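Okay, here's what each chain looks like letter by letter:
There are 2 protein chains.
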Amino acid sequence: MTTRREQTSGESRELILQAAAGLFAEKGYRQTTFADVAERSGISRGSIPWHFGSKEGLLLAVLERSLDMIRTGLAEDPDAAQGAEAGFDRLMDSAHALFALPTTKLFVTLLVEALEPGSPIHGRYVEIHDTLREHCRRWLERLPLPPGLSAEALAVAIIGAGIGIHQQWLLAPGRVDREQALWALRALVAGALLPDRE
Amino acid sequence: MTTRREQTSGESRELILQAAAGLFAEKGYRQTTFADVAERSGISRGSIPWHFGSKEGLLLAVLERSLDMIRTGLAEDPDAAQGAEAGFDRLMDSAHALFALPTTKLFVTLLVEALEPGSPIHGRYVEIHDTLREHCRRWLERLPLPPGLSAEALAVAIIGAGIGIHQQWLLAPGRVDREQALWALRALVAGALLPDRE
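Taken in order, these protein sequences are the chains called A and B. For the first sequence, the positions run 1 to 198 when the UniProt record's numbering is used. For the second sequence, the positions run 1 to 198 when the UniProt record's numbering is used.
None of these hints come from the bench; they were simulated from the model. Just so you know, these numbers come straight off a predicted model, no measurement behind them.
The list treats identical chains as one, so a pair stands whether inside a single copy or across any two.
The calculated SDA-like cross-link candidates involving lysine to any residue, where the alpha carbons are at most 25 angstroms apart (straight line), are: (1) Lys27 to Arg13; (2) Lys27 to Arg45; (3) Lys27 to Ser119; (4) Lys27 to Ile43.
For reference, chain A alone in the conformation it holds in the complex:
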C-alpha cells in the first residue's frame, strides 16, 4: 500500500521529470538549471537533488522515462501480426506514432550528449538503438528478402532513416517536411520489399 507521503513523493518526481524533459528538449541539457526545473515544475529547487542526486541523475531518469514511452509504443509484438503486409503497416504506423511523441525530440537532442566521450548516457543509448533495430529486424525476417540482403543491415538503414529524417527536421523545420519524408521512407521499403503489394 502506498502511503500519503510516498504518493506525494512520486507525484513530485513525475512533475520534475515532465518539466526537465520539456526544458532539455527546448533549451538543451547544458543550458537547463535546477532553478529552471524548479520554476516550471513548481517543486522546490532543493528537493530535485533529493530525488535525483545530480543533474546527470536527472538526465538519466528523463531518458529512462522516454525509453519506457518508446517501449510502450513498440509493445505490440511483430510476431503476432496477421501477415507480412499487415505487419508492415503496423510497424510503419507505430514508427509514425513514435516520431510524433514529444519525447522523440528530446531523444534526438540528447543523442548529442550520448555521443560525447565519457557520456553517462552512452550505454542507455546503445540499448535504445538495439531495441529499435531488434524490433525492426524481427519484422523484416518474416519477409522473403532479396538474396544477399540481411534483415540486420536493412534494420540499420531503416532505423537510420527515421533518425536522420528527424534530425534534418529539428535542424531546419521550415525546410524539411518530416511527414512527407516518413511517407517516402514507407514507399521505399514497400516498393523494394513488398513488390506485389499494389
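On the provided structure of chain A, position chain B as indicated by the hints.
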C-alpha cells in the same frame, strides 16, 4: 605572388585545422583546448587565436574545410550522367566515398553542436544539409517516380538514412556494420525506384 611569410602562415593555418579536425572528432569540441591543438599541430598556442580569433572561429573554419571536402566529393554533376541507372551508381558510389572520409565522422560529431540552441554553426549545417538534399533531389528528378512520391521527400529520407546509419555506427561501432547498412540502403532505393534493373 605569395610571399614567404604568407605561405608559412597558410601552412600553419592548415596544420592547425588538421589537428583541430582530428581532435574535435576524437574528444569532442568542448573537451578540446587550444593547448591540445598546439601540441598536436606543433604550432605555438598563442598563434591559434591570431589565425581564428576564438575557439568558435576555429570550429567554423574546421567546418568550412569539411564542407569543401564534401562539395568536392559531390562535384560531379548528376545531370551529366549517361542515364538514370548510371546516375544511381555514381550517386551511391559518391555517397559511399563521402561516408568513408574521416571528415564525415567530424561532421556527425559536430551536429551535436549545431543542434544546441544559439549555436554559431547552425546556419552552416542547414546549408550543408540543403546541399546534400539538393544533389540527391536532382538525381531523383530524372527517374520516373511512383505517383504521389516527390523527389524532395525521397531526398530527405535517403540523406536521413545516410546520417542515421553513420550515427548508429559512431555510437556502437562493434554492433553496427555501416558498410552492410549502406548496401542495404542502396538495395532499398534500387528495388523501389529502379524495378527493372535486374
